[in-house]
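Peer 1: Chain by chain, the residues:
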Amino acid sequence: MARDETFKHEVLRLAGAEVLTCIQCGTCSASCPTAHLMNPSIRRLIKLCLEGKKKEALHNETLWLCTSCLLCTVRCPRGIRPKAVVSALKDIAERAGLRSKDAAYEQFFLKQIKDYGRIAELALTGEFLLVFPQGAVQSMQMGLELLPRGKIDLKIEKIKGRDEVKRIVEELSK
Amino acid sequence: MPIGVYVCHCGLNIAGVLNMEKLKSFAEKLPDVAVARDLQFSCSDIGQEQIQKDIAELKLDRVVVAACSPRLHEPTFRRAIAKAGLNPYMLEMANIREQCSWVHMEQPAMATEKAKDLIAMAVAKAALLQPLEPESIPVSKNVLVVGGGVAGIAAALDLGDCGLHVFLVERRPTIGGYMALLTDVFPTNDCSICVLGPKMSDVYNHSNITLITYAEVLGVEGSVGNFTVSGVRKARYVDEKLCKGCISECAGVCPVEVPSEYDFGIGKRKAIYVPYPQAVPLVACVDPKACIGCARCVEACPAQAVKLDQEPQDFELNVGAIIVATGWQPFDATRKEEYGFGRYRDVITTLQMERMLNASGPTKGEVVRPSTCKIAESIAFLQCVGSRDSTVGNLYCSRVCCMASLKNAQLVKEKYPHNDITIYYIDIRAGGEGYEEFYVRAQKLGINFVRSRVSRIEEVEGEISLIFEDTQTGEMKRVRHDLAVLSVGLEPDEKADVLGNLLGLSRRPDGFFEIAHPKMRPVEAHIDGVFIAGCASGPKEIPISIAQGSAAAAKAVKLLHKGVLELEPTSAYVDPEKCIKCKLCVDLCPKKAIAVKSPAYVDEAACKGCGSCAAACPVDAINMRFFSDEQIMAQVQAATEEKREFPSIVAFLCNWCSYGAADLAGTSRIQYPTNARNIRVMCSARVDPSFVLEALRRGADGVLIAGCRIGECHYRDGNYQALQRVNVLKGVLEKIGLDPGRVKIVWCAASEGEIYARDLKDFIGELKAMGPIGTELKK
Numbered sequence: 002m003a004r005d006e007t008f009k010h011e012v013l014r015l016a017g018a019e020v021l022t023c024i025q026c027g028t029c030s031a032s033c034p035t036a037h038l039m040n041p042s043i044r045r046l047i048k049l050c051l052e053g054k055k056k057e058a059l060h061n062e063t064l065w066l067c068t069s070c071l072l073c074t075v076r077c078p079r080g081i082r083p084k085a086v087v088s089a090l091k092d093i094a095e096r097a098g099l100r101s102k103d104a105a106y107e108q109f110f111l112k113q114i115k116d117y118g119r120i121a122e123l124a125l126t127g128e129f130l131l132v133f134p135q136g137a138v139q140s141m142q143m144g145l146e147l148l149p150r151g152k153i154d155l156k157i158e159k160i161k162g163r164d165e166v167k168r169i170v171e172e173l174s175k
Numbered sequence: 137m138p139i140g141v142y143v144c145h146c147g148l149n150i151a152g153v154l155n156m157e158k159l160k161s162f163a164e165k166l167p168d169v170a171v172a173r174d175l176q177f178s179c180s181d182i183g184q185e186q187i188q189k190d191i192a193e194l195k196l197d198r199v200v201v202a203a204c205s206p207r208l209h210e211p212t213f214r215r216a217i218a219k220a221g222l223n224p225y226m227l228e229m230a231n232i233r234e235q236c237s238w239v240h241m242e243q244p245a246m247a248t249e250k251a252k253d254l255i256a257m258a259v260a261k262a263a264l265l266q267p268l269e270p271e272s273i274p275v276s277k278n279v280l281v282v283g284g285g286v287a288g289i290a291a292a293l294d295l296g297d298c299g300l301h302v303f304l305v306e307r308r309p310t311i312g313g314y315m316a317l318l319t320d321v322f323p324t325n326d327c328s329i330c331v332l333g334p335k336m337s338d339v340y341n342h343s344n345i346t347l348i349t350y351a352e353v354l355g356v357e358g359s360v361g362n363f364t365v366s367g368v369r370k371a372r373y374v375d376e377k378l379c380k381g382c383i384s385e386c387a388g389v390c391p392v393e394v395p396s397e398y399d400f401g402i403g404k405r406k407a408i409y410v411p412y413p414q415a416v417p418l419v420a421c422v423d424p425k426a427c428i429g430c431a432r433c434v435e436a437c438p439a440q441a442v443k444l445d446q447e448p449q450d451f452e453l454n455v456g457a458i459i460v461a462t463g464w465q466p467f468d469a470t471r472k473e474e475y476g477f478g479r480y481r482d483v484i485t486t487l488q489m490e491r492m493l494n495a496s497g498p499t500k501g502e503v504v505r506p507s508t509c510k511i512a513e514s515i516a517f518l519q520c521v522g523s524r525d526s527t528v529g530n531l532y533c534s535r536v537c538c539m540a541s542l543k544n545a546q547l548v549k550e551k552y553p554h555n556d557i558t559i560y561y562i563d564i565r566a567g568g569e570g571y572e573e574f575y576v577r578a579q580k581l582g583i584n585f586v587r588s589r590v591s592r593i594e595e596v597e598g599e600i601s602l603i604f605e606d607t608q609t610g611e612m613k614r615v616r617h618d619l620a621v622l623s624v625g626l627e628p629d630e631k632a633d634v635l636g637n638l639l640g641l642s643r644r645p646d647g648f649f650e651i652a653h654p655k656m657r658p659v660e661a662h663i664d665g666v667f668i669a670g671c672a673s674g675p676k677e678i679p680i681s682i683a684q685g686s687a688a689a690a691k692a693v694k695l696l697h698k699g700v701l702e703l704e705p706t707s708a709y710v711d712p713e714k715c716i717k718c719k720l721c722v723d724l725c726p727k728k729a730i731a732v733k734s735p736a737y738v739d740e741a742a743c744k745g746c747g748s749c750a751a752a753c754p755v756d757a758i759n760m761r762f763f764s765d766e767q768i769m770a771q772v773q774a775a776t777e778e779k780r781e782f783p784s785i786v787a788f789l790c791n792w793c794s795y796g797a798a799d800l801a802g803t804s805r806i807q808y809p810t811n812a813r814n815i816r817v818m819c820s821a822r823v824d825p826s827f828v829l830e831a832l833r834r835g836a837d838g839v840l841i842a843g844c845r846i847g848e849c850h851y852r853d854g855n856y857q858a859l860q861r862v863n864v865l866k867g868v869l870e871k872i873g874l875d876p877g878r879v880k881i882v883w884c885a886a887s888e889g890e891i892y893a894r895d896l897k898d899f900i901g902e903l904k905a906m907g908p909i910g911t912e913l914k915k
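Listed in order, the protein sequences are those of chains A and B. The opening residue of the first sequence carries number 2 in the working numbering; numbering runs sequentially from there. The opening residue of the second sequence carries number 137 in the working numbering; numbering runs sequentially from there.
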C-alpha cells in the first residue's frame, strides 16, 4: 500500500518532527508497563506512522492501553515523545469518528452527568458492557466481590438542580 | 583607482538563490569600479586566471570578490592577486554565501537586495585599502605537547626526530593514557601494552624530549611562535632520580590499601604505588589523600628515594607551538540510573572488563562476577551507554565501543568457549579496515547478537536481569545474566577545560574541542600555533589518534622549522601628533603591546590587531592598518545608503566567534531574515561608538554587536570592553531621546550558529516593536 503522506505529516505535526529520527531501538516498548498487552508495540506503532500506514496505526488496542506513565518519553535516546505519538493518533482517530472504548465510555459518562448530575457506577458499567461485552465476565466477577462489601451502590442518586447541569453540558457540547 | 568586482556563482550555492545578473549590473555602477564580472567558481583556476588577466589588462589596483566567507578563501584570493603583482592586502571579500544565499534561501529577492549592499560595502572599503607588508619575527623551536596518551606520544616522537625540542606534559604520574590500560586491541587482537610500551620508553630516552609527568599547565601567555607556558609539577614525595622503580620494598610495607584508579576501582593499590608495571617513568608516587604519614616506606626504600617533605615545583617553558592531546574520559555510567551501575555489583563498564581481561590486571585475566568472585558464565554487553543518547546530552556515536565489545566478547569466548555471550546493540558500527571481518569472526565464534537497546537492568536476590524488546522478533524479554558490561562512551576530558580556557579553544556542541575546519584542517585549532590531536577533538580509534599526533607534529614543524614567522600586518599605530598621552590604551591592550612612552607607541610585532585601543582613544590618535576607522566608516555608510527594509540593522561581528557563528549558520542552512548588514571586525572591542552613532544617524533602525562568549574572548577581555562601551552608548542614546534598545550586544561562540540566528531574530522583533528610528523622538 502506498505511503499516506498526509497522515504521516499530521502525526509529525502533532507529536513533533523528532519522530523522524527514530532508530527503532525498542527502548520505548521495553520501558512500557503495558507492553505485554500491546500489539503492535509502541516501537512498531511509530514505524507504522512513519510508513504512513494509517489504517494499521489507528485500528489497534495499543493506543487505548497507554497509561501515560511517560517512561518511554523519559528514556528515548532520540528525544522523541512516544506518548505524544499515541496522543496524536487518538486525536486523529477521534476526529475520524472512530469509536473507541474510551470515547464510548466518555459518552456514557457524560450522559449520566446530564441526566442525574452525578455518576451511578452500576448503571454506567452496565451500559458500557452492552456496547463492549468483551470485558463483561471479568467485570461481573469483580462486581460480585465488591457487592457484599458494600462497595457498589445499587441505587441511582440524583442531585438537585439537574436542569442547570444539563444546560451546562449542552452548552459545552455545542 | 580601478576596482575589479567578481561575483561568484559558486555553482548553484549562490546563483541558486541570488540574481547574479542584477548583482553584476549593480556592481558595475558603483564608484571606482572598472569591471564587474560573474564567475562560475571564482576560487577555481579559471576564476583566478580571469582576475589576474583583468589586473594585467585593466590595470586594476584593488579587487572585490563577492563569494564565500573570507574565513574560507581570503588566503586563496590574496595569493591570486599577489601572483598578478598586486599587494595581497588590496583584496576585500563580500560574504554572499554563508551570510546571504545559504541563510535566506526562501527569500531570493530580499537576499539579492542584501547582497547588493554587501557588495557596495566591500567596494567602499576596498577604495580605502592600503598596501601592507608582513613583518617577520623570530620563533622558538620548542613545542609543548599536553597529554601523554598515544596521540601525544606519537606527536612528541615525530617532533623530536625532526630536531625540535619537545616538552611533554602529562597530568598523571605515567604516560601511556588509556591505551596502556587496555588488554588486547582490535582488529588484530594484539597486546596493547606490548606495542605501546616500547614507544613510551622511546619518549623517556629521547634526547629531544623533556618528559614532565604528574604536572599541570596553569598559564599560557604570548602567541604563535612565542608562547610562555607556566605550570606546576605536583609533589610525588619520591625523588625521580633516586627511585629505581622496584616498588616491592616501599609498597610492601605500606599499610594503606585503596581502590586503584588504573583498574577503574576493581583492583587495589597501596598509598605508595606505581600505576602499573610498565609505567614510564617507572617511579613510585605517594597518594597524599591515602597516605597516613607512617613513613615506613621512607625506612624501607634501599635508595632513600622517598621524600615526604617534597614540595610542588613550578616550571616555565618557552615554546613556539602547542599540541593539545588531552584525550577523553569514560562516560560516568551512574548517570544511566536504569542500568544500576554503582548499585548492582555485577554491572561493570568496558574499562573494568579490559582490566579483568588483562593478564596483569586485578583478576589476572579471569572474568568473574564481582558479587561472587566466580567465573561469569553468561555475559551481556550493552552498547551505546552514554552515546547516541540525548537523555544524557551525548547525541554522537563514540565510534570505538562496538569494536571494543566485539573484541572483548571474542577474548572471553576464546578463553571460556562454553560461556554464553550476548551483545545488545542498536547498530553494529564496524567501519574501518578489517572491522567488518572482525564482526563476522565474532559471529562465527558463536557470540549472540540481539538488536535491542536495553531498557533497564533489575537485580532480584543478587541476580541481574535485562529487560528489553528484541526488535527483530518484536518480543518483550527479561533475560538473566551473570555479568552485564556497559559499553560506556567517550566524553571530552573535563580536566582539559583549564587548558582550553587558557588557550581560548572553542568547543563543538558535543563538548569536544573544535578544529579549524571539520574536513580540511583536522588537527588545527582556531588559535594560531595551537594544534589538536587524538580524542581531544572527538572519539577516535588508536590508529587515527596516532595519525593525528603525527599530523599535528608535521604542522608544528612546518610552522617553526625556519625559525622565523611572517605576521599579519593588521596592527595598530599611533599618530604621535594627535596623542594626548592619556595612557588609556596602555591598560586596555591585552597583548601589552603598547608602551608607556609619551606619546604612546605600539610594538607592531606583539600587536594582534584587536583594535580596542583604536576604539577607546578619545582623540582618535590610534588607527589600524587593516580594518581602519575610515574603512569601517565607509562600510557603515554604504550599508545605510539605501533603506531596503524595516528594520534595517548594521551588525558588527568579531572575526573569531560571532562571524564564525554567522558562517556556521550558513553552512548549517539555518534560515533567518535578511535585515542585517554584517561588518567583520577583529574583536567586538574594535567597535568605536562613533560607528554606531553614524549608523543610527544615517537611518539604521538598530545596531547589533556580537562578540565571543563572555570569558572566551580571543584577546582575553575585549568583549568586556565592548560591553562597557555599549552600556555607556545606551546612556548616550537615552539622553538624545532614542530608545537605548537600538544598540544590542550579544555573545556567541563559533559553534553557535543557531544562537546567532536566534539573537538576530529576537533583535528584529524588538526593533519592530520600537518602530522605525526616530519614532520615539516624535512621542
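In short, the hints are calculated from the structure, not lab data. Heads up, the beta-carbon is just placed ideally off N, CA and C, and yes, glycines get one too. Don't take every hint at face value.
Said to hold, decoys possible - Not everything, but these chain B residues come out facing chain A in the computed CB check (under 7 Å):
1. R524
2. H554
3. T558
4. F585
5. R589
6. S591
7. I603
8. E605
9. E611
10. M612
11. V615
Peer 1: Of the numbered hints stated previously, which ones are contradicted by the structure, given in increasing order?
Peer 2: Hints 2, 3, 4, 9 and 11 contradicted; others consistent.
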